[in-house]
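S.K.: Work out the full structure: start from the sequences and follow the hints.
Order-wise, the sequence lines are chains A and B. Going by this note's numbering, the residue at position 113 of the first sequence is 113; the numbering climbs one at a time, nothing skipped. In short: position in the second sequence from 1, add 1000, done, that's this note's numbering.
Some hints here could point you the wrong way.
[Unchecked claim] Here's a subset of chain B near chain A, in silico, CB distances under 8 Å, partners left out: (1) Asp1007; (2) Ile1008; (3) Glu1012; (4) Leu1016; (5) Phe1019; (6) Arg1024; (7) Ala1027; (8) Arg1030; (9) Pro1032; (10) Arg1033; (11) Leu1042; (12) Ala1044; (13) Leu1046.
[To be verified] Take a look, some chain B residues computed to stay more than 10 Å from chain A by CB distance: (14) Asp1013; (15) Ser1017; (16) Met1034; (17) Ile1056; (18) Ile1060; (19) Ile1068; (20) Val1090; (21) Leu1093.
Calculated directly from the structure, the hints in this document are not laboratory data. Here the structure is a predicted model, which means the values were calculated and not measured. Using N, Cα and C, we set each Cβ at its ideal position, and we do this for glycine too.
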Amino acid sequence: MLTEHAFGELYHRHARAVWAYVYRSTNDAADADDIVQEAFLRLLQTDILPDDEEGLRRYVFRIAGNLMADRWRKRTREKRHEVPSTERADASPRDLDVTRTFAELKPRERALLWLAYVEGGSHADIAESLRVGRASVKVMLSRARVRLRDLLKARGLIKGEPE
Amino acid sequence: MTQYDGDITALEDQALSAFMERLRGAAPGRAPRMPTADVLILKAQLIRNWEAQRRIRRPIELMEPFEIVATAAAAVLLLSWSVPSAFAWVERLIF
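M.R.: This is the structure:
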C-alpha cells in the first residue's frame, strides 16, 4: 500500500498524463475527470502494488483503461451517442484540425493509438490496459493505424488517396 | 512506434507519429478538474471506513429476515395458545 507522500508524488507527476490519455480517448473532459479520479482512488485502495514508479504508472493507466472499457460497453448497451468534445475558443486552427481528425476515430481506436504512440506501450501493456487479448491488439492497432492514415490522407496531411 | 505491419509504410508511420506528437501537444478543450491528492486520500479513507462498517453490519443485516420470521412464528404460536384461555376467562367474567 502506498504512503500518503508516495501517492502525492505519483499523483503530481502522472495525473495529467493519465487525464490526457482518457480525455483523448473518450473525447469528453467530464468523463476524463471522473475516470482519472476513480483510477487513483482504486490505486489507493489496492493492497498489493508494483514497487517501482513506472510499474505504478502502468497500473494507473490499466485501471483507467479498464474503466473506459466498462463505460464503452455500457454505452454500447444503452446505445448512447458520444458527447462531442468542447473546443476552446482560443484554440489554434492547427490544434482544432488535429483534435477533430482524431475525434473521428472510434474511442477504442483512439485509446489504442494513444497508448501505442504517445505512451510507447507494448502490445502486452495495451492488451492489459484495454482488457483485450494480445493477439487482438495487433489486429485492432493495425486497423486503427490504417483508419488514421486514411483520415490524414483525406485531409491532405499525407500524400495519396485514402484506400 | 516501431512495430510496422504490412498495411502502413515506414513513411506513413512517420506521418502518424508526427500527427500523434502534434495531438499530444494540442491544448485540450478545457483544463482538467481534478481534486488534489489530499482530497483523494481523504476520500479513500472514508470509503475504507465505510467498507469496514458495512462488513461489520453484514451478518446482522443477513440475519434480519430470519429474526422477523422467528418473531412472527412465535407471535402466532403465543396467540393460538392464549386465545382459547382468554375467551374462557371473558366468559367466566360475564356469566
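S.K.: Just pull the numbers of the violated hints for me, sorted ascending.
M.R.: 11, 13, 14, 15 and 16
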